[in-house]
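Under my numbering, think of the first position of the sequence shown as 78, with each following residue one higher.
In short, the hints are calculated from the structure, not lab data. There's no promise every hint is true.
[Unchecked claim] DEER-style ranges, computed between Cβ atoms:
no.	residue 1	residue 2	range
1	Val205	Pro226	51 to 61 Å
2	Leu148	Gly168	26 to 36 Å
3	Glu130	Arg100	46 to 56 Å
4	Leu148	Thr112	41 to 51 Å
5	Ser159	Arg124	53 to 63 Å
6	Arg145	His122	32 to 42 Å
7	Gln199	Pro226	33 to 43 Å
8	Ser185	Arg145	58 to 68 Å
9	Pro226	Gln196	37 to 47 Å
10	Pro225	Asn203	23 to 33 Å
11	Arg177	Arg145	24 to 34 Å
12	Arg124	Lys93	46 to 56 Å
13	Pro108	Ala139	51 to 61 Å
Just so you know, even glycine gets a beta-carbon here, dropped at the ideal spot from N, CA and C.
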Amino acid sequence: MNLALAKGACAERTRKKELDRHRNAIRSMKPQIDTRQPETMHLDHLRTNLKREQMLEERYHAIDRDNRLLLQKMSDIMKTQSFVPRGEVHGPTSMTRDSRKKELTKISQENGSILRRIQQVQPVYNRVDWENDYAKSYENFKNCCEYPPVLARPKKGPQR
């Protein structure tokens, strides 16, 4: 038993020394990543863009100048009397207006007569005859088939 205790105590001491050595090694290690403040942090001319600021100032001054000019022009317009015509203002008259109106009425009359002729003509094809012929041919088709046809006959809709 004494030997086991001695081995256990010795092993414990050895483990403690290795742990202390490990902790000292970690404390004395140099970091792999540089976390210091950059040296360029104190160089203000790298952080500020003076040229951009100057160009923005010039742009703002130009906008202000243009706005002042526009305001001045608007106030001048408001102060002066404007010319208001006394009567109705007519634009230039067309030389071909009457002939165009005549042509338009002629075309409208022709279109009306064509419409009346189309409405009075009786149709050549009879829709009812076509439907009856279809019904007969469908019945013949059903009689020829061994099995019922897959194509369903269209349902009759509202009569026109």
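So, going through the hints one by one against the coordinates:
The given range of 51 to 61 Å is broken by Val205 and Pro226, whose C-beta atoms sit roughly 24 Å from each other. Roughly 34 Å separates the CB atoms of Leu148 and Gly168, a value that falls within the hinted 26 to 36 Å. With their beta carbons about 53 Å apart, Glu130 and Arg100 fall inside the hinted range of 46 to 56 Å. Against the hinted window of 41 to 51 Å, the Cβ-Cβ separation of Leu148 and Thr112 comes to about 56 Å, which falls outside the hint.
The beta-carbon spacing between Ser159 and Arg124, approximately 56 Å, falls within the hinted interval of 53 to 63 Å. In this structure, Arg145 and His122 meet the distance hint of 32 to 42 Å, their C-beta atoms being roughly 35 Å apart. At roughly 36 Å, the beta-carbon separation of Gln199 and Pro226 lies within the given 33 to 43 Å, and the hint holds. The hinted window of 58 to 68 Å between Ser185 and Arg145 holds, with their beta carbons roughly 59 Å apart.
Under the hint 37 to 47 Å, the C-beta atoms of Pro226 and Gln196, about 40 Å apart, fit the expected range. Separated by about 30 Å at the C-beta atoms, Pro225 and Asn203 satisfy the suggested range of 23 to 33 Å. For Arg177 and Arg145, the hinted distance range of 24 to 34 Å is not satisfied, since their beta carbons lie about 52 Å from each other. Between Arg124 and Lys93 the Cβ separation comes to about 52 Å, which falls inside the hinted range of 46 to 56 Å.
One distance hint, 51 to 61 Å for the beta-carbon pair Pro108 and Ala139, holds here, with the actual separation near 52 Å.
In this structure, the earlier hints numbered 1, 4, 11 are contradicted, and the remaining ones agree with it.
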